[in-house]
Amino acid sequence: MGWMRAASPFVQLSLLGRPRRSALLATAVLLSSALVVTVTSLVASGQAAVERRIVRSIGATDAIVSHQFAADFEESLLAEVARWPGVRAAGGRLRSSVTLAREDGRLDAEGRRRRITVECRGFDLADAETFDQIELEAGRIPSAPAEVVIDPLTASHLEAEVGTRLVVERFGDPVVLEVVGIQRRPILGALQRPLMQLPRPTLATATSSEGRLSAIALILEPGTDVEAWCQDRQNLLGADGDLVVEPSERIRGGFDRTVSASRLGLTVGSVIAFLSCAFIVATGMTTAVVEQQRLLAITRCLGAARWHLLVGQVLAGFLIGAVGGLLGLPLGVAIGWITAAALPEVLTAGLALPPFAFGLAMIGSIGAGVLGAAYPAVQASRVPPLEAMRVRAIAPRTSRMLLCAGVGLALIGVQLALLAIPDRDARYLIYSFVGMPLLHLAWFLLAPPVLFLLALVAAGPLERLLGLPTSLLSGSVRATPYRLGFTAGALMVGLSILVSTWSNSLSIVEVLRERVRFADGFVFRTGGLSPPQQEAIAALPGVAEVCPIGYLPLEVIGQQVFGFEGLAPTNVVAVGFEPERFLRLNRIEWVRGTPEEAVPRLRQGDAVLVAEPFLTARGLGVGDRIRLGNQRRSLEFEIVGVVSAAGLDMATQMFGMRSLYNEQAISCVFMDFGAVARHFGSREAFILQLSLDPLLDEAMERDLGERITSAVPGSVFATGRGIQAIVDQVGGTVLGIAAAVAAGALLLAGLGVGNVIAAGIAARRFEFGLMRAIGGRRAAVAALVAGEGVLVAAAASLAGLGLGLQLAWMGRAMYRDLAGLDLGGNLPALPWLAASGAVLLITLAAGAPATLGLLRRPTVELLAVGRAG
Amino acid sequence: MPEPHRAAVATNEGDPTIARGAAVRLSVEELRKTYRTGDRVVEAIRGLDLAITEPGFFAVMGPSGSGKTTLLHLLAGLDRPDGGRIEVGGERIDELPEAALTRYRRQRIGIVFQQFNLLPTMTALENVMLPGTLDGRPAAQLRARAAELLAELGLADRLEHRPDALSGGEQQRVAIARALFFDPPVLFADEPTGNLDSATSGRLWELLRRLASEKGMLVLMVTHEPAAAVHCRRVFVLRDGTLAGAFDVDGLDAGGLAVRAAELARSPA
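Taken in order, these protein sequences are the chains called A and B.
Going by my numbering, the final residue of the first sequence carries number 869, and the count climbs one at a time with no gaps.
Going by my numbering, the final residue of the second sequence carries number 1269, and the count climbs one at a time with no gaps.
Heads up, a few of these hints could be off.
Claimed, not checked - One-sided and incomplete, this derived list gives chain A residues near chain B with beta-carbon spacing under 7 Å:
hint, residue
1, Gly2
2, Gly17
3, Ala79
4, Ile298
5, Cys301
6, Leu302
7, Gln379
8, Arg382
9, Leu386
Just so you know, the hints here were simulated from the structure itself, not pulled from any lab data.
The beta-carbon is built from N, C-alpha and C at its ideal position, and this holds for glycine as well.
Starting from the given sequences, assemble the full structure and let the hints guide the process.
Structural data, given as structure tokens:
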């Protein structure tokens, strides 16, 4: 421990020499640590809430029997399955959708009857508590056939509460229901489907699906090997049957993959956050070393070795990081706890505190401190003893500035070279963990040259504007380009986050707005639309043409996606369509192949079209064959074309099609509707695309929606215009989140800026005192500091724009690689200008306290500081 | 406290002069030092020869630019010569590697500056302990030694004061105590009273003289003040980077000393 004792004076000097500024640096680390803990714990809490919902929806269920293509099957199977060896309890489940209205006929604000189409989950009253646990925020679980539990979305739309009586709109005798409970379920926005839970026989009656089940939930005897048991039963069911027996854990498997993917994203985001923090610490500590150069030189005179100074700085950085990190942990927990308390409907499992959050925060904090101290440590160790005696100022050498610029540009070159890595998986990982940090470091090093060049151009006009003597401002910047430049570097990170996320988000929204062409309207019904129902809709006034779309969850047999085993599912969605009508109603972009060649092959039933992400992820091409189906039945299809149909993709997302299957399909295959029926026994259209009369306005479209819901109870109608509005809403939310993150980063950087500006003022007290002594006005001193602040903010703005655009460009490359999505470039000019203004205000505000302190001190005191040891 | 240098000297403990022995000497031969500042080349020391072979209080004087501060820097190992040799305590220091030179500054000599140069974040006690702390020694040992030195210099009641709570004279005494931490045989002082009033300065010169005689040290002081030099045994006068001459103080007063020094400084090379 002798070496620590020996270095301890330098730790003390570094931290206690300017205690307030050391505290500022530690505060920057503290906020980063708290941010990471908060975000990580809230994400974990959200995942816990989702997992809890999954657990509650799966409940005690060990296995599930279902139709391999999510179709309904005979109820009589329930009794047979219940008699299987090893089954302790079996419960029937039914899924469908119904249209509800208030029995009292209450109207909405527009004078329309209050009605809503809801997803329904039917369960057996006898085993309501055995399998599933429905969390309630009011009322109780149904105990009679006509009792139901609705979710807050349904309750809100119908103005219903416990005791309200509802009626199911259907052909035939009305089914009257009584609300006995309101389910605890967060309202998650535009894409959420309303939900109702009720006794299965009641649902069967309401939807004319008596004698049908969607699934059978099983509880097995304790100690049963569920995987093995399911495999045995599957073998007994035979290869040609339609039923599959799966462990309920498999349903959770997709969730675990989502957790892994989000953890990866969190880690990358944290690396960037702490890197930004390291910049702030580095700038602050470097400034301190420069300020304390004389004192450090004195210690060298007295016999301090270079390593004393080096280790002292590194230890100081370690302490800043460790203290800031430790103090940030409870703050992060507190913020997370407050957020969880404020959003109990969303974070239903309360606040989760994964050890990963604390580990990441501490490692990142200490890393930021040590990394930030590295350069100042080297700088300190190079202080020659005679520095103590030196009184003349030394101007920075141009060669060093060129070196700085050269290294920065070289790092950008390295980062670009990483894009040439042939293996996509390696490219993605190396970009995330090496490329992005290198890119930030590169622009950090470029910040001083950017400031220098900016000063050459802008310092003169700024001097005239501020009434400063010629060359005072430009000379000041030229004298300390690194301190000011790296301050700009610390500020640029927040700007770059804003520029990159807004650039790509705007591009995505643009893609969705400009490239997506929605059909005029869509009709969706859980359980599908039968041919008579399709005809009923087609016959309605205002409907010009209909095109049925089938949606089947399938698996790609024997293929991997991305090579990230466990990070993405092998599920796809097979879209069944009538080719001619489909091509007429949809804007399809043919990436490869032509309709003339492809359509006849589709009609034959052994060919598919695939979406671009499908092709990209699997590295397949036109002419290749894939096997689709499930483990029990699969068929080979030839890829005869590559298309994209983003409008259809958005519509299915809006209708929650993918919630039919717990894991999200990442790509689609398109096949002939008749082929779907022939191969997989599915004849229902899950979505009906409508071409509407062009004379219909919004009000008439709403009327049509009402008529459709009346004609086909349980159906949901949405116009393309309505989906567009939802897209805009979601896009706006994403942009808002990006802006909030950027603002947080800017505020964080503001702490570092304040530290550096204060240090800069302190280091130049003698210079300012001299200015005052020879007749300089107080205003001139303040104007000089403000002028430097303006240049720093401008340099940060330019560097942030450069880094942000480059990050956006890299992001687009990743989108292309991983999702096959080709985004155009976008310059978010207005957000960038607004953020630049914020940066300017932060810089000026951060420097205000130190400037005011400087102006209050007597001139003689400032001069004495310069002469003293 | 371990005292590395005493292990090699004679055992007459009663007379520190004899106890220091060969450690209390320094010499320079054909010493050269040149500085470059932009386009300017300045020959600060040009072939300087000087030798001191016994303990005592010595002064180096000369006009501005004569090279006296540069000489001190070279003797103290703060800079390296461009030519010639430097021996302190029988060891050539101009050839020492970086680490050894650092140890030399820490353990073998003491340095006192004009501007005190105490670390503002440390107390008087901690400032005096600094050389020992840099050596990685346990704090308990260091505190006792530092307290002893400060008491010797009349600062027993100032141990926990920081520099900004001390007067100029007190700060310089703390600096001297720091310089004496490892009981070096040689002490260099660069204009140690430049920032002090005359009364305080007088007390400080007397202190340095006493250190030289009572501890058997070689104290070499750079000064431009005749009032300081009269406390010394011998004065070396530099001119234009060379030794113009030397004389024993021998009862001279400040005025007489000034005249003598000026004559040497003006005399032809």
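May I ask which of the numbered hints given earlier this structure violates, with the numbers listed in increasing order? The structure conflicts with hints 3, 7, 8, although it agrees with all the remaining ones.
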